[in-house]
Amino acid sequence: MSERTTPARRLTAVVAVVGVVALGAAACGGTTKNSSSKDSSSAPTAASTASADPGAPLKKGLTIAYLPKAVNNPYFTTSDTGGRKAVEAAGSTYKEVGTSSSTDTAGQVSYVNTLTQQRVDAIAVSAQDPGALCTALNQARKNGVKVVTYDSDTNAGCRDVFISQASSEDLGRTEVQLMAEQIGNKGRIAILSAAQTATNQNTWIGFMKDELKKPQYKDIQLVKVAYGNDDAQTSFQQTQGLLQQYPDLKGIISPTTVGIKAAAQYLSGSKYKGKVQLTGLGTPNDMRAYVADGTVRSFELWDPAKLGALAAHTAIALVSGRITGAPGQTYTAGDMGTFTIGQDSTVVLGKPTVFDKSTIGQFNF
Amino acid sequence: MTDLGKAAPRPWARDALRWDTAVGALLVVLLVCSFAFVDNFGNALNLSFLIGNTLPIALIALPMTLLVVSGEIDLSVGSTAGLAGAVMGRLWNAGMAIEVIIPLCVLLGVVCGLVNGLLVTRLGLPSLAVTIGTLAAYRGIAQIVLGSDSVTDFPQQYLDFGSGRIGGSFVPQAAVPWAVLLAVAVLVLHATPVGRSLFAVGASQEAARFAGVRVKRLKLSMFVATGTVSALTGVFWALHYASARYDNATGLELSVIAAVLLGGIDFDGGRGTLGGAVAGVFLLGALQNVMSLVNVSAQSQTLITGVLLVVSVLAPRVARQVARARHRTAAAPPPPVPAAT
Amino acid sequence: MTMTAKPAPAPAPSGAAPGGGLLDRVLKVRELAIAVVLVLMLLATQLDNSAFLSEQGIKDLLLNATILVLVGVGQATVVITRNVDLSVGSTLGVTAFAAGEFLRGGGNPLLAVLIAVALGAGFGVVNGLLVSLGQVPALVVTLGTLYIIRGLDSIWFGSRQITAADLPAGFVSFGRDGLGALPYLAVLTAVVLAAAAYYLRNYRSGRDMYALGSSPEAARLAGVPVRRRILAAYVLCGALAGLAGALYLARFGNVDSGTGSGYELTVVSAVVVGGVAFTGGSGSLYGAALGALLLTSINSVLPSIGVSSVWVQAIDGTLLLLAIAVDRVVALRVAAVLRKRAAQTRSAHHD
Chain G
1 MSERTTPARR LTAVVAVVGV VALGAAACGG TTKNSSSKDS SSAPTAASTA SADPGAPLKK
61 GLTIAYLPKA VNNPYFTTSD TGGRKAVEAA GSTYKEVGTS SSTDTAGQVS YVNTLTQQRV
121 DAIAVSAQDP GALCTALNQA RKNGVKVVTY DSDTNAGCRD VFISQASSED LGRTEVQLMA
181 EQIGNKGRIA ILSAAQTATN QNTWIGFMKD ELKKPQYKDI QLVKVAYGND DAQTSFQQTQ
241 GLLQQYPDLK GIISPTTVGI KAAAQYLSGS KYKGKVQLTG LGTPNDMRAY VADGTVRSFE
301 LWDPAKLGAL AAHTAIALVS GRITGAPGQT YTAGDMGTFT IGQDSTVVLG KPTVFDKSTI
361 GQFNF
Chain X
1 MTDLGKAAPR PWARDALRWD TAVGALLVVL LVCSFAFVDN FGNALNLSFL IGNTLPIALI
61 ALPMTLLVVS GEIDLSVGST AGLAGAVMGR LWNAGMAIEV IIPLCVLLGV VCGLVNGLLV
121 TRLGLPSLAV TIGTLAAYRG IAQIVLGSDS VTDFPQQYLD FGSGRIGGSF VPQAAVPWAV
181 LLAVAVLVLH ATPVGRSLFA VGASQEAARF AGVRVKRLKL SMFVATGTVS ALTGVFWALH
241 YASARYDNAT GLELSVIAAV LLGGIDFDGG RGTLGGAVAG VFLLGALQNV MSLVNVSAQS
301 QTLITGVLLV VSVLAPRVAR QVARARHRTA AAPPPPVPAA T
Chain V
1 MTMTAKPAPA PAPSGAAPGG GLLDRVLKVR ELAIAVVLVL MLLATQLDNS AFLSEQGIKD
61 LLLNATILVL VGVGQATVVI TRNVDLSVGS TLGVTAFAAG EFLRGGGNPL LAVLIAVALG
121 AGFGVVNGLL VSLGQVPALV VTLGTLYIIR GLDSIWFGSR QITAADLPAG FVSFGRDGLG
181 ALPYLAVLTA VVLAAAAYYL RNYRSGRDMY ALGSSPEAAR LAGVPVRRRI LAAYVLCGAL
241 AGLAGALYLA RFGNVDSGTG SGYELTVVSA VVVGGVAFTG GSGSLYGAAL GALLLTSINS
301 VLPSIGVSSV WVQAIDGTLL LLAIAVDRVV ALRVAAVLRK RAAQTRSAHH D
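Residue numbers (full-length UniProt numbering), protein chains in the order written: chain G, 1 to 365; chain X, 1 to 341; chain V, 1 to 351.
Bound-form chain G, shown alone (with noise of 0.2 Å):
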C-alpha cells in the first residue's frame, strides 16, 4: 500500500513546484506573444536591397533543385517534369529530392540543409509548412541560394517569389461558380477538404464563403466544410456522413484532389450518383472514369506542369539578376510569355482550366 502512495505524492508535490513556480514566472511578467509582436520574426527581403537589371543575360549551367511536398506524388511529378523540361531547355541542370511523406516537415527542412550544402543556385520549393521551413531557407539564401515556392508557400520573408497555381481568390470564386451553375443556383452544398491545416484549402475556402454572400447565390446553403484529411478512407467516410447528415445534398466541392477522387468513387458507386453533384479540383487522369460515367460534370486544375515550368523560369531570372522578387518588376518567362511580380512577390499562373467531358479527352496529367 505504501508503493502506492509514496510516488503519488511525491509527484503532487512536484506538480505544486513547477505550479508554483510557473505562476511566479507569470507574476513577474514574461515574454508574450503582446510583447513580442513588435520585433517581427520574419527576416527582411533580400529582393527590396539588391536592384535588377531586366536585360542581364540569362545565366546557363545553373543547378535548380526542386523539393516538392512529397516525392512519388503524381501531381508534383508532373509539376516537376514541367520544371526539368524548362530548366533543361535553359542549358541548367535539374534535380529533384524530396520526402515521400507530405507531412514529414523536419525531413523536408532537412533536405533545404542538404541543398544549402550542396550549393545548388536555386531551389524551387513547394512547403510543407508556411512556417517550418523559414529558418533553412534564410539560411540558404544567406548562402547565395536563390528561393522560389510554388504550389504552397512559405511565409512571405522566407523566399525570394511564390509562383501561385491562380489566385486563391479566382480558385475559390470558379469552385461556387461550377457548383451553382451545376445545382442551378438551389440547394444544400458542403465542403470536403484536406487536412485541418492545409492552407491553400483553407484559403480557398475562405473565398468560396466571400462568393457565396453574393445575391445570385442566396438560395444555395453551404451547410459543412469536412476533412477528409487526403485519405481515401476518411474521405470516403466523411462524404458518406454528408449524405447522411443532410439527405437533402445538392452538392459537394471538394478543393483537393485526393479528396475528390475519393467522393466521386464513392458517389459513383452509391444511389447519389448524378443526383449529387461534385466539383472542385482534380486532375484529369483521376478523374476521367468519373466524367465519362456521369457521376461528375466539370472540374477544374491548372495545369501543373505550366507550374514547375513557370518555377523555373523564375529561377533562372532572380539567378541571373533579371529581377530581384520586388513586386512590379516584369520578366519573360521563356515560351510562356511576360509574368509581373505582384503583391508580396507573388507571381500567378493564370486562371485555372476547367475539364469536362468535351475537353478532358485533351489532357493526360
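Hints were generated in silico from the structure; no laboratory data involved. Warning: the hint list may mix true and false statements.
[To be verified] Computed, partial: chain X to chain G, Cβ under 7 Å:
1. Trp92
2. Gly95
3. Val145
4. Gly147
5. Ser204
6. Ala207
7. Tyr241
8. Ser243
9. Asp247
10. Thr250
11. Ser292
12. Leu293
13. Ser300
[As the list claims (entries may be wrong)] Restraint-style ranges between C-beta atoms, simulated for each label pair:
14. V:Leu47 with X:Asn93: 33 to 43 Å
15. V:Leu114 with X:Val318: 49 to 59 Å
16. V:Ala51 with G:Thr332: 36 to 46 Å
17. G:Glu88 with X:Arg326: 56 to 66 Å
18. V:Val29 with X:Val294: 52 to 62 Å
19. G:Gly184 with X:Gln156: 45 to 55 Å
20. G:Gln362 with V:Val191: 26 to 36 Å
21. G:Glu169 with X:Ile144: 54 to 64 Å
22. V:Leu221 with X:His327: 22 to 32 Å
23. V:Leu114 with G:Asp248: 40 to 50 Å
24. G:Lys271 with X:Val294: 47 to 57 Å
25. G:Gln221 with X:Val184: 58 to 68 Å
[Stated by the list, open to error] One-sided and incomplete, this derived list gives chain G residues near chain X with beta-carbon spacing under 7 Å:
26. Thr32
27. Gly55
28. Thr103
29. Cys134
30. Thr135
Note that CB positions come from ideal geometry on N, CA and C, so glycine has one too.
Place chains X and V on chain G using the hints.
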C-alpha cells in the same frame, strides 16, 4: 530467452560480440569516410544541420533506452511531443508568457508519462498496447487543442536558441542541455543502484522483485522520465522548426526505436548501453545526412533503414550462435547448451 | 519486448472443466459486449439520423469494414501466437499496386486477386522466417520489413498511380455492388473469416497457435512445431493483407505509393479492441472482426451525427485503452474466482 548470454559469461566471446562497440566503430568509420570523400559534409554548417536534425531523436532515445532496458516500451513519445507543441502554441496564442508555458508543457509531459506508467504498472497491461492507445489519444487531444492552427511567432530569442549555434562552432545551442541529460542518464544507468535495478528488472522481473527492487515504482518513474523528455523535445521541436502544429513529430517513435535498436538495446529487456544507443542515433542521423548529400532518394533511404534494422537484430544473434558453435567444437566435452530458445 | 505481464487466467485449476467453462463463457461475453456496444451505438445514431441505417447506409458500413476486418483477422492470428506484424500496411500497399498494374495490362481480375494474395503470402514467408528462424523479436523484425516493403514499393512505383480508368469496369463494380444491402466484398470477407476461425478452433495446428501463444516453452515441450506454426500464422497474415490490397483497389479505384501507410496501428487497435491480447493465446478471430467493425463504424457514426473529424483520433485511442483496461480487470476477477474454486476443490478432496 536473453538470459543465455548473461548466464554463461565467456569473456572472449562477449568482447568480440559487443554490438554497441561495433556500432560505435561503424559510426566512426562512416564519419571518417564522409569527411574524406563526401563533398560538403565536413563543414561546420552541415555538421550543425546533422546534429540539430538528429537532436529530437537523440533526446528521446535517452529515457527510451532506460525504459527498454527495464523491459518496457513507449510508442507514444511522438504524440506526447506533438501534444506539448500544440499546447504550447495554444497557450502562446492565448497570450501567456513563454516562461510559464514551457514549464507547463513539461508538466504535461509528466502527466502523459504518468498515465502510461500507471496503466502499465497498476493494471499490469502490456506497455506496447497501452502506448499504442495513448499514441492515438495524445495526438487526438493535440488536434482538439490546436486544430488547424500553425503557430510560428514565438519570441526571437527562443527561436534562436532552437536553431542557433554556439559561437561560430558547429554545435547547436540545444546540444548543451542534451549533453547534460546524457550525463545524467549515463550516471543513472551505469553507475547507480537504480541502473543496476533496471537491468535486473529487464532480465527477470520476478527475480528483481525477490531481490528487493520496487519494480512498479521503478518502471513508473521511467515512464514519467520518458514523458517529460518527450514534452521537452516537443517544445524544442516547435522552436527549432519555428512551427507548432498538432502533427509535429508524427512518426518520431519509429525513428527513436529504430535508432535505439540499432544501438544494441535488446527489446527483451535487460541488456544495452547508453553509448550504444547514442551511437545508433547518430549513425542513423549521419547516414541519412550523407545519403542525402550523395543524392540517394528518399525511397532508397527508407529501404536502407529497414535493412539496417533487420540486420542489427539478426547479426548479434547469428554471431552469438556461431560463437557458441565454435566454442562447442573447441571445448572437448560439449557443454549442455540448450537449443537457441 | 517482454511480455512479462503474464495473462492472469494462467493458473489452470486441477479440476479444469468448470474453470475452462468459465473462461470460455467470459470470452464469449467479451465478444458479446463489443457486439452490444456496436448495436447500441448504431441504434442511437439511427435515432438521431434516420438515414443512417438505410440500405445504402448499411451497405456502406459493411464495405468500410471489409478491408480492416480482413487484415485484422490475419493480424489476430499472429497476435494469438504472441507475435505481431507491423508490415501489413506496406504489404497492403504493394499488393494493391501489383494487382492494379496487372489489371492495367489487361489481366484477368481473378488472377489479379490471386497475384495479390500470393505476393502478400510471400512477404508473410519472409516475416515468418525471420521471426521463427532468427529468434528475433517480431516487433523489431516487422518494423524493419515495414520500412523495407514500403521502400521497395515506392522504388517500384515511383510516382505512378493506378486510377479507376485503368481498371476493368467489372472489377470496380465488384468492389461496390452487392445483393441489396449486402455487398459482395462483405460476403467474401465473411467467408474468409468463417474459414479462418474454423481452422483456428477445430484443427490441431490451429489450436497449436493458441498453445504457443499461451506458453511457448510449454508448447515446445508438448511437441508443437513452433517454427512451422509461427511461419503459418505470418503467411496467413500476409496473404490476407494481400487479399485486402486487391479489395482496396476494387473499392477505392485508386492506388499510389503511399497507399496503406500507417495502417498497421489501426489494425493493431482493431485487434486489441476485439479482445485479442498482446500477451498471446487468447481472443478469437470473430472478436477481432467485431473490433474492426466497431472502429470503422465509429468513423462513420461521428460524421453522420455531425461530430467534427477532429475528435476521431482521440476517441479511437481512448477506446483502445478502455478495452484493454476492462479486459485486464475482468481477467483479474476471473483469475481470483478460479483460484477460489480451485482451493475449494482441493480442500474438498482433502476432506
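Consistency of the hints with the structure:
1. For X:Trp92, the interface hint holds, the least distance from its beta-carbon to any beta-carbon of chain G being 6 Å, beneath 7 Å.
2. Checking X:Gly95 against chain G by beta carbon gives a least distance of about 5 Å; that is within 7 Å, so the hint holds.
3. Checking X:Val145 against chain G by beta carbon gives a least distance of about 12 Å; that is not within 7 Å, so the hint is violated.
4. Given the 7 Å rule on beta carbons, the hint for X:Gly147 holds: about 6 Å separates it from the nearest Cβ of chain G.
5. Restraint check, X:Ser204 versus chain G: the minimum CB separation of about 19 Å is more than 7 Å; hint violated.
6. A least Cβ separation of about 18 Å between X:Ala207 and chain G goes past the 7 Å threshold, and the interface hint is therefore violated.
7. Proximity of X:Tyr241 to chain G holds as hinted, the smallest CB-CB distance being about 4 Å (cut-off 7 Å).
8. With a cut of 7 Å, the hint placing X:Ser243 at the interface with chain G holds, because the nearest CB-to-CB distance is about 4 Å.
9. The criterion of a C-beta within 7 Å of any C-beta in chain G is met by X:Asp247, whose closest approach is roughly 6 Å, and the hint holds.
10. Among the interface hints, the one on X:Thr250 holds; its C-beta lies about 6 Å from the nearest C-beta in chain G, closer than the 7 Å criterion.
11. Because the beta carbon of X:Ser292 sits about 4 Å from the nearest beta carbon in chain G, less than 7 Å, this interface hint is met.
12. This hint holds: X:Leu293 has a C-beta 6 Å from the nearest C-beta of chain G, less than the 7 Å allowed.
13. The restraint placing X:Ser300 at the interface with chain G is violated, with a minimum CB-CB distance near 10 Å, outside the 7 Å limit.
14. Taking the beta carbon of each, V:Leu47 and X:Asn93 are about 38 Å apart, inside 33 to 43 Å as hinted.
15. At about 35 Å, the CB distance of V:Leu114 to X:Val318 disagrees with the hint of 49 to 59 Å.
16. Hint check: V:Ala51 to G:Thr332, Cβ distance near 57 Å, so the stated range 36 to 46 Å is violated.
17. Take G:Glu88 and X:Arg326: their Cβ atoms lie about 58 Å apart, and the range 56 to 66 Å holds.
18. The hint said 52 to 62 Å for the Cβ distance between V:Val29 and X:Val294, and at roughly 59 Å that hint holds.
19. Between G:Gly184 and X:Gln156 the beta carbons are some 54 Å apart, a value that agrees with the proposed interval 45 to 55 Å.
20. Separated by about 45 Å at the C-beta atoms, G:Gln362 and V:Val191 break the suggested range of 26 to 36 Å.
21. Here the CB-CB span from G:Glu169 to X:Ile144 is close to 31 Å, at odds with the stated 54 to 64 Å.
22. Between V:Leu221 and X:His327 the Cβ separation comes to about 26 Å, which falls inside the hinted range of 22 to 32 Å.
23. Separation of V:Leu114 from G:Asp248 is about 44 Å and conforms to the stated range, judged on CB atoms against 40 to 50 Å.
24. Look at G:Lys271 against X:Val294: about 55 Å separates their beta carbons, and that is inside 47 to 57 Å.
25. For the hinted restraint 58 to 68 Å between G:Gln221 and X:Val184, the CB-CB distance of approximately 60 Å keeps it satisfied.
26. For G:Thr32, the interface hint holds, since its Cβ comes within 7 Å of a Cβ in chain X; the closest pair sits about 5 Å apart.
27. With a cut of 7 Å, the hint placing G:Gly55 at the interface with chain X is violated, because the nearest CB-to-CB distance is about 34 Å.
28. Annotation: G:Thr103 was flagged as interfacial toward chain X, and the flag holds, the nearest CB pair being 6 Å apart, inside 7 Å.
29. At its closest, the beta carbon of G:Cys134 sits 6 Å from a beta carbon of chain X; the interface hint therefore holds under the 7 Å criterion.
30. The beta carbon of G:Thr135 comes within 5 Å of a beta carbon in chain X, closer than 7 Å, and the hint placing it at the interface holds.
The structure is inconsistent with the numbered hints 3, 5, 6, 13, 15, 16, 20, 21 and 27, although it conforms to all the rest.
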